[in-house]
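Asker: Same order as they appear, the protein sequences are chains A and B.
Residue 54 in numbering that gives the first Met the number 0 sits at position 55 of the first sequence, and the numbers go up by one each step.
Residue 330 in numbering that gives the first Met the number 0 sits at position 331 of the second sequence, and the numbers go up by one each step.
Please note that the accuracy of each hint is not assured.
Only part of the chain B face toward chain A is listed, based on derived beta-carbon distances under 10 angstroms [stated by the list, open to error]: (1) K13; (2) E270; (3) L353.
If you're looking for bench data, these hints aren't it; they were derived computationally from the structure.
Yeah, the Cβ is synthetic: ideal placement off N, Cα and C, and Gly gets one too.
Each chain, letter by letter, is given below.
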Amino acid sequence: MQRLMNYIWLLNACANSLLEPNILLKEALEKTDNFTRELKGLKEEEKECLVKEIENVISYLRENRNYMESLEERLKRALFTLQEG
Amino acid sequence: MANDNLKNKVMTAKEAVERFIKPGTHIAFGGFTILRRPMTIAREIVRQGIKDLFVTMNGGTLVEEMLAGAGLIKWLETTYLGLEGGMPVAYAIRQAIESGEIELIEDYSNWSFAQRTLAGRLGLPFMPCLGDIGSDLIEYDTFKKGGLRGKREDGEFIHPGIPPKKYEIIDDPFEGFGLRPKRFKNGEDSCVNKTNAYRDGKIKSTKYTGKEGVKVALVPPLMPEVCVVRAQRVALDGTVRIEGLIGPDLDQSLCGRILIVECERICPPEELRAVPEHNQIAAHFVHAIVEQPFGAYPSAVPNYYDYDYSWFRNYVKEVNHQPKEKVREFWEKHVKETKDDWDYLYNKVGIKKLFSLRTDPKYHYNPNLDRFN
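Work out the full structure: start from the sequences and follow the hints.
Answerer: Printed below as a string of structure tokens:
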């Protein structure tokens with residue numbers, strides 16, 4: 000069991016570190032529709048800057064989502080081993 | 000300097016400057032060289048033309064170069080006067096000193112100045128340091144020459160922001176006990192912080208005190224009327240989150256009477272409560288919160304945007320070795336004539352330039368930018 004604790008503390012660090020992103024993501028979700036409504040009438044160069052910003056954020060969201068989904072799948076297998084093995 | 004009024008802290012730069020900064024105010028600017036300099040408040044001071052400032056900072060010089068170029072500094076207390084590799088000696092400041100426009104300039108090392116801010120923050124009468132001993136910093140005291148040190152006949156200090164002495168040198172009351180390397184019973188000293196000049200505490204110098212042995216320089220607290228610092232995020236209640244290198248900002252923010260924090264974004268308090276240990280300044284210390292995205296430009300804000308080397312290159316080209324009128328004209332044209340900081344950033348700098356400085360989350364800076372060389 001002592002050997003396993005290193006990995007458990009790693010998961011614990013992951014979970015702890017997700018608290019702030021959780022709050023930020025909820026806040027961003029709440030504000031996104033309003034932001035989208037305000038995008039009309041921007042100048043071309045303003046649009047270009049914002050497109051880059053949003054594309055950048057999407058790429059980071061996607062990367063983290065992929066890691067989280069993969070980890071979740073593998074943890075489910077670990078859970079299955081614990082419960083059924 | 001706790002602020003009891005927890006409401007109405009959010010204000011524009013114009014309101015903050017009108018309310019807290021007057022001619023002659025003793026003001027400490029935060030940030031370090033080209034990092035998180037509070038340019039929004041500094042530019043507003045230029046717009047309002049507030050003169051005779053007593054400016055102090057640990058590691059400028061962008062803010063101070065602008066204020067000197069605009070002719071607004073009377074006394075300057077500093078540790079460094081350059082714009083990095085672009086302009087190793089800040090030209091407008093040098094010009095203002097040479098012409099007598101900056102009447103007095105006082106100098107400390109970065110470390111002893113940091114100790115001064117720490118003493119100010121903690122309410123201590125002084126802090127000890129070793130680094131300035133043996134240098135000219137101990138000998139030269141322009142505030143003393145200017146008659147600003149000491150007390151008046153009524154017992155008050157001549158100036159509330161100027162201590163009666165620049166330094167006090169004493170014999171180490173602990174006779175060199177804390178100096179490294181040191182003899183331990185169980186082996187060689189492994190501390191990397193070695194005070195080579197005082198190896199094994201066998202210093203024989205009698206300089207400063209007449210007594211043989213280790214000397215310590217005591218520095219007085221720094222207690223400015225106003226501190227201005229730039230942060231990435233400030234919560235509506237005033238809680239401050241600074242990301243990246245903090246430098247002297249924390250102690251410097253808390254050593255004065257009034258604290259103005261300008262920031263990239265004002266956020267809900269819940270956002271900064273998730274990981275409270277990442278916050279630096281508690282809400283009740285903050286008197287004014289000013290939100291201005293990109294407001295530290297042309298300096299850098301880690302995780303948001305990098306510094307703009309092209310700005311520095313252009314500044315050197317336009318003002319170096321130019322007469323005072325030309326230098327003033329530069330700052331009038333670029334800053335004084337603008338309505339507010341967004342007017343400056345949007346119309347003088349340009350949105351494309353600002354977004355070109357955006358940082359990469361993997362590095363916290365922009366790895367593709369032209370740099371000082």
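Asker: If a hint holds in the structure, say so; if it does not, say that too.
Answerer: To see whether the hints hold, each was checked on the structure:
no.	hint	result
1	K13	25 angstroms, violated
2	E270	6 angstroms, holds
3	L353	8 angstroms, holds
Hint check: a violation occurs at hint 1 only; the rest are consistent with the structure.
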